[in-house]
Each structure stands twice: as structure tokens, then as C-alpha cells.
Amino acid sequence: MDEASSWFMRELERRGVSRRDFLGFCGVMSTALALPRTAGAKIAEAIENKEKPTLVWLEFQDCAGNTESFLRAGRPAVADIVLDTLSVDYHETIMAAAGHQAEAALAQVVADKPGGYIAVVEGSIPTGANGAYCTIGGRAAIDIAKEVCGGALATVAIGTCAAFGGLPAASPNPTGALSVADAVPGLKNLINLPACPANVENLVGTVVYFLTFNRLPPVDRYRRPLFAYGKSIHDNCERRAHYDAGQYVEKWGDEGHRTGYCLYKMGCKGPVTYQNCPSVGWNEGTSWPIGCGHPCIGCAEPEFWDKMTPFYTHLAGFPGFGVHSNVDRVGMWATAGVAAAFAAHGFVQLGKRMAAAGDKAPAVESKPPRKTDKQEEGELS
Amino acid sequence: MTHIVVDPVTRIEGHLRVEAEVDGGAVQNAWSSSTMFRGVETILKGRDPRDAWAFTQRICGVCTTVHAITSIRAVENAIGAEPPPNARLLRNLIMASQMVQDHVVHFYHLHALDWVDIVSALSADPAATSQLAQSISDWPLSSTTYFAGVKDRLQRFVEQGQLGPFGNAYWGHSAYRLPAEANLLAVAHYLEALDWQREFIKIHAVLGGKNPHLQSFLVGGMATPVDPDQQASINITSLATMRKLIREAKAFVEKVYIPDLLAVASFYKDWAAYGAGVGNYLVYGEYPDADGHNAPLYLPSGVIRDRDLSTVEALDEAKITEYVTHSWFEYDAGDGQGLHPSLGETNPNYTGPQPPYERLNTDGKYSWLKSPRYDGLPMEVGPLSRMLVAYASGHQRVQELVGYALGKLEVGPEVLFSTLGRVAARGIETLVLAEKLEGWLDELADNMGRGELRIHDNSKWDPKTWPKDCTGAGFHEAPRGALGHWVHIVNGEIANYQCVVPSTWNAGPRDAMGQPGPYEQALVGNPVADPEQPLEILRTIHSFDPCMACGVHVLDPTGREVVKVRVL
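Residue numbers (the numbering used here), protein chains in the order written: chain L, 1 to 381; chain B, 1001 to 1568.
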């Protein structure tokens, strides 16, 4: 046992941590970072050999909103994560080093730990102007992404921009912005945690999942963990009873709005958006957008800036409103009809705007509404 | 002459590159370059103006409220919507709590490590640190045991060998001057502030559903219902929650941030001689204290030229122009002129070196930011500008606090025009606003108590009520300074959208006359002890609190498509 390793064992004892607990922790960490189960053993080995798991966080065409969300982590607190749990060797927004010392820190991880570090990517990756729409240290974002994600044990695309292209890729995608999956094709062990920004609870939630079930969370076809993205906002919405009863907000600030009626008519995209906002809330459960009176804008879905807009136009295919409608009929009609109409709605809006912008065709493929599927349940490729 | 490149400039929002020539231990010349472009304004074209706030909000996730607020103001100005009093109060609460949270995070998490040597804290004596802490504040977390615990945690972190985000930094640099105990105190508060910011910003979840990227903004008002008797509204429970958060925030600013700021500043008084910058200051003003178009603003607008505090000029928005002489854009009529934002053209035209590159061609175009000018002059925007304009305009509380800070440091007002002055002004502003927040909460409660529950001007919600062709402008004081949006709406859709953002004012490149921007000017004369470790450059750049994700310019007014898009 070398000096560092014995330091580590002493440290465990000092904290009253048994080896069994430690291995459990490593499993948890592998899941927190959405790694294959086998990575748990690798992490254990790495830590016993003196190291905390290394994480590098890349920011490209981003707004740092996911970084800010990460700073809101309370369970565990962000300070515990950064100081005690992981070695965050590169993160431009928080790191002390700058310039070539910062670049050296990243290069060192890539060189010294091939296949042994976690890459988190925030922001989309532009391909226009030969990469000049986003450079760091004089290098194009796409070159950095290929090198760093390509050499990582796993990659987490955090936020909708990294997961799906997001805002920069919204029509007409002026900079040729791509998601991580599209910019670095064939990337293994890629997990998408979309939303604008991603809710830090869903990073932490992955840990809880593994702790409870001792396996990786299954993901949907967009590589989103089902526990966080497996049900629609609508299914869990605290205002669902008002929807079923045909009680809707008609005007901002009206009695229905103050009472907490359904925001469907004001443009809510909850029925076609899959995320756990209603059940986990934001900022340690303080509230969430519908809870404070504004419709869902669908921010966890691919191409939401094009398909979910105009935000204040209600989804197509809704049969009618008001207390005079037959309650069951409204509910059934809406549930079946709305999802089917959704693709057409998004597509029409997109085509309209594209025409206004002078383009001939939509910049993005129109996809049908997703179903909850489990095609990638279990371990990732 | 040594040529220094700092890229990436870290501990900021976004992507910033600084190049500088250093000779004789000081910066002789400097260039500031933004290296990221998204085209948000292009993306807005043809969309529903009521959606625009959500798009522009994503320009920045750090100052996550500012582009949303400015956007709804611009659209309201265009269509003639009149938000009711409660909307004004809800917005004031959101804006000022953003400012308070953002400034504290900047001081501790983005800026402190330029002044605080973490490694030095390892040699601190916890008992002496406790004495120091108790000598400057009655904040309760100040015992010897407490600081011993922090030191122990730091010790274990360093011994373990992986420094993570604190690796490869400039620890031990000769420009670090705090005693070990002050360093340990700062490390303790760095950690406390991480917890504090997470707690305080829950006020945004109450007011906006979530943070970052609050979701309660509406053109014409706010989406947060207020009703003391309803569970789904801002009610008495919400008021109590917010009151608690505001009081705790104020206590932290009073008892931790301000004492730390003054303690650190007292060791770095020489930084009052560096980083002055262009010496012109511009403020749009913020926090309407009444309703209507000419409502008084708690922090006044105005322009100060050439550091002359005896005269505050009235701001004339028509005098704003933007240049692209050294920016990767081109103007139809040539790059030698400036254009008013309402007539702004932005044709992206990258002429820089192909990546990967070592050096920018600073004689030519070298940034994705334009160069805004006021009456042809570069202007600094941000907390220092706001505090100077307020001070010179006779704002009582600002004058008291500026006087208090100068007195504690035993210096005169001339030190304000500096890197140190910028840091101090941010702290003073934080306290001014932390003190102000509860008053707006009281006003909101008063309204609720007398049945004034309106949150929105419904009369202009339907686009059919809008003029066929209208233009509007919205202004705001963001944490980093004066922010303006200009919108042109035709047949209910956005025809043109322009943003002139604080970091464009501060970080923009040279203009047609060759005048450097505020960052560039502020760096000249800045000491650099070791060109390999340009810590001092970071001090001055960070004092502006860069927020770079703003290289967003866009379309010409005729609607001609200016970007050839590769559809992927």
C-alpha cells in the first residue's frame, strides 16, 4: 500500500466508512455519472489507488445556466461534490487557473486518463465558419469536443443545448449548431439530461436510483433517464383535476388563475413534455413553473424552441373548453387528440417561420410525439 | 515586449480572450475578444414577440432575469401595454434579488481567488483567524473551532493531492498579499457563500417557479397571481418565505460580504491606482418606485464624462451607436460609421485566423462583440457607473455608504476610478439593494391587503390589438450594467431585434477612431510581475464581472437574410 492509498484508508476509517460502504459509494458514483455498472469497480480501483473520479466540464455555445443549476445542488451540496466527491479538473466558470494553465489542466486529464474520466458538456457545438463561432484557447469547440468526449469513460450532455442543440440550433440555426450526439457521432455512454436548464435534482436523482435498485436507470430513445423523463408533466400535474373538470385559466390574473386552474388554454405544453418538474420541483422543491402560474414551455423536448412555439398558443386538436363540456369526453379527447396533433402543430409553426426567414425547408426533422419506451433499459452500450 | 494571451479567461460567464503586450512589468497595450457567437437575434425573426423574453433570457444563465425583463419592456413599449403596480413590484423584487445574489457570487466565487491565496490559508492560526473575524463582524460563525474545522477540511483536500478546480493556479504569486488568517477567513466564506446563494435564490423559485431561468414573465405583466386567500397564488405564506430570505440575505451582506470586502481591500489599496479605464460612465437607471412612464427610479440614470463627478448629464438614448470596425461583422455602407441600434445591421463576417490559432490579427477585426459608443465615446457600465451616478446625483444612501467605505479605508473618492473602486462599488450596491428589497415586499403586501390583485394588462395581450407596424425599446440595469433591447414588430411578428448588452459596452473592441473599449483601456498600465502568470490582468478584467455570452447581433432593417445557413 503506497502512501496515498494508506492515506485514503485512514481517511475512510476516520469517517467511519467501511469497505462495503465504500464500494457501495463507488457504485453510486458510477450511476451519478451515468456510467455502466462495471465502472463502479473501476472507480473503486481508481480511488483506492489514490484518486477521486475526475470530471471535466466543457462549455461551448452555452449561457452557463446548467452550471448555475449545478451550483444550486443541495443534496449533496455543491461544495461537498467539488471538494470531497469528485475532482473537477476543468470547469471554466469555477476554476482558479486561466489561459494556458487552464488548457494544460484539460490536456493533462485527456493525456493521463484515457477512458478514465467523465466529460460533462454544456452548450451546443457550432460547425459554421469552420468552427470560428466558438473557440477556446484558439481551438474550435468541435475539435475540443471530439478529443475530450472521445477519450472519456462517459459523457453527460447537460441541458437542452448539449442534449439536442437547443437555442443556437433553433431555426434558422445561424451557426450550424449541433448536439453532442450529432457533433461527436458514435459516442458511447452518452447520457442526455435536457431541460433549460437541467434540474440538478436529476443528477442527484440518478444516485438515489442506483442506491435503491442497484442498477443503472433505463433511458428513453433520447437517452434520458426514465425516472426523470418517463412521464409527462401533464400526468403528474397538480392542476390535472382542473383540466379533467374543464376548469381553465382564461386571462392572466383572473379568478381561475389565482385559484390554480389548468393553464392548458394559455399554451401549456405539459401534455407533450416529459420531465419530473411537478414531482421534484425546483430549488430543492420550492416551486416549479406551473406551480407559480406560468404554462410549461416544453424545455426538455428536442427542438422545443421551434415545436413548442408560439408558447401562448394552446396545442392543436383540443376539442373545446369550459364547464359545459362533458368531463370524461374532454379528458379523453384531449389525451388522445392532443398528442397526435402535436407534431402537426410544431411542424406548421416551424414551416411558417422558416418561410418568413426565407428558408425553403425546416432546419430540423419533425418527429412524432414520443412514447415512453424502454428500448435502452439496463446498461448502456 | 512580451505578448501575452489569456484564453480562456476563466471565472466568468462565456468565452473571453485577452491579448496584451507587456513591457517593463506593465501592460502597454491590450485587446479584448469575444470568441463565441450564437445568433439569438437572427433566431428571433418571424416569431411571436410575446415569446421573445424566453429566447433572450437564454443569452445568459448567470444573470438569468435580465434579458427577459428587458425584452418584455421593449415589447410593451412597442405595443403600448401598461403593466399594473403588482407587476412592477414583482419585477423589482426579482431584479434586485438577482443583483444581490449575483454580486455575492461574483465576489466570492468568481473574483476572490484573484486576491485570496487558498494555499496560504493552510498556515493560518485558527485562533488568530477567529480574532480577526470577530474584530470585523459579529457574524456568529467565527469561533476558533469553526475555523479549525475549515482549515482541517482544506488540509485534507490538499493532502489528498487532487486540487480539482484549484489546480494549476497562481498560488504563491508575489501579488498575493493577504495574511494567512485573512486567506482562511475568505476560504470559509467562499464555502458559506456557496450555501447562501442556493438558499437566497429560492426567492426566485417563489416568484418565478425556478432559478436559473425563471418562468413567470409576461408581456404586459407577470404570470404569478397574487391573492392572500389562495394556495395557488403569492399568498401570506409566500410573503413570509420571501421576508425570511430577504432578511437572511441582508444579514449576510452586512455581516460577511461588506466586512470581507473592506478587509481584503485594506491590503490592496494600491489597486486604486490601476484599472481606471475610459473614465466615462453610463447608466440607464433602474427600479421604478412608482407606475407610469416617467416614474422615479431608485438608482438614477445619467452619464458622467471624464471622471467629472460635478456634472451628471441626462441620458439621450439617440446618442448610442455601434461600430463594427474591429468586429467580425460588416455594414452595408462601410465599417467606418456607427449605427443606432434601432437601425442596426449585423452581417457576420469572420475574417479572423482559422482555428486552431495562436494570435488574433488585432490590426483588423478581432471580436464577436461590436463597439457601442455614446456620443462617440466609449462608456463603462455596471456597478461602478451606477454608484458614481447615484453618488453624484445626491442619492442619500449611496452617499452614506460610499462615505463609510472610503472612511474605513482612509482614502478619498478619487480611488473609485479604479479596479479597487469597481470591486467596492459592487459591494455598496449589493447592500443598498439588500436594504431596499423588503420595502417592495411591504408594498406588495399592502396591495394584496386592500384587494389590488391585478398582475397583467390583458387589454394588449391579443396581437390583433397591436399596431400593424411598431417599434419599441426596453432598458434595464443588469448586474453588469446598462442593457437595452430594440424591437421592430410587423403584423404581430418580430421583424428585427437588437440587443446592446453590458459586456458589449465594457468588453467591446476598438472603434473606427481607434478608441479602445473599457477592458482594453483599463488594462493599460496594469502591473504584471510574471508574464507566465498574469494574475494582475485577471484582477482588472474580473473587476468588471465579464458576462460574454452576448455576441448576438443580427439582421439588417430590410429583413434581408444575412446568414447563409447550412441546414444540418
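FYI, nobody ran anything at the bench for these hints, they're computed from the structure.
For glycine and all other residues, C-beta sits at the position ideal for the given N, C-alpha and C.
Any given hint could turn out to be false.
[To be verified] Looking from chain B toward chain L, a few residues come up when the C-beta cut is under 10 Å (computed):
1) V1062
2) G1149
3) A1549
[Stated by the list, open to error] With a straight-line Cα cutoff of 25 Å, these simulated DSS-like cross-link-like pairs (lysine-lysine) come out:
4) L/K113 x L/K188
5) B/K1468 x B/K1250
6) B/K1436 x B/K1468
7) L/K231 x L/K265
8) B/K1244 x B/K1460
9) L/K265 x B/K1460
10) L/K188 x L/K251
11) B/K1408 x B/K1269
12) B/K1464 x L/K265
13) L/K251 x L/K265
14) L/K251 x B/K1460
15) B/K1269 x B/K1255
16) B/K1250 x B/K1408
17) L/K251 x B/K1436
18) L/K251 x B/K1468
Hints, one by one, checked against the model:
{"no.": "1", "hint": "V1062", "in the structure": "holds (5 Å)"}
{"no.": "2", "hint": "G1149", "in the structure": "violated (13 Å)"}
{"no.": "3", "hint": "A1549", "in the structure": "holds (5 Å)"}
{"no.": "4", "hint": "L/K113 x L/K188", "in the structure": "holds (17 Å)"}
{"no.": "5", "hint": "B/K1468 x B/K1250", "in the structure": "violated (47 Å)"}
{"no.": "6", "hint": "B/K1436 x B/K1468", "in the structure": "violated (40 Å)"}
{"no.": "7", "hint": "L/K231 x L/K265", "in the structure": "holds (21 Å)"}
{"no.": "8", "hint": "B/K1244 x B/K1460", "in the structure": "violated (36 Å)"}
{"no.": "9", "hint": "L/K265 x B/K1460", "in the structure": "holds (17 Å)"}
{"no.": "10", "hint": "L/K188 x L/K251", "in the structure": "violated (48 Å)"}
{"no.": "11", "hint": "B/K1408 x B/K1269", "in the structure": "holds (12 Å)"}
{"no.": "12", "hint": "B/K1464 x L/K265", "in the structure": "holds (18 Å)"}
{"no.": "13", "hint": "L/K251 x L/K265", "in the structure": "holds (9 Å)"}
{"no.": "14", "hint": "L/K251 x B/K1460", "in the structure": "holds (12 Å)"}
{"no.": "15", "hint": "B/K1269 x B/K1255", "in the structure": "holds (22 Å)"}
{"no.": "16", "hint": "B/K1250 x B/K1408", "in the structure": "holds (20 Å)"}
{"no.": "17", "hint": "L/K251 x B/K1436", "in the structure": "violated (32 Å)"}
{"no.": "18", "hint": "L/K251 x B/K1468", "in the structure": "holds (23 Å)"}
The structure fails hints 2, 5, 6, 8, 10, 17 (numbered hints given earlier, in ascending order).
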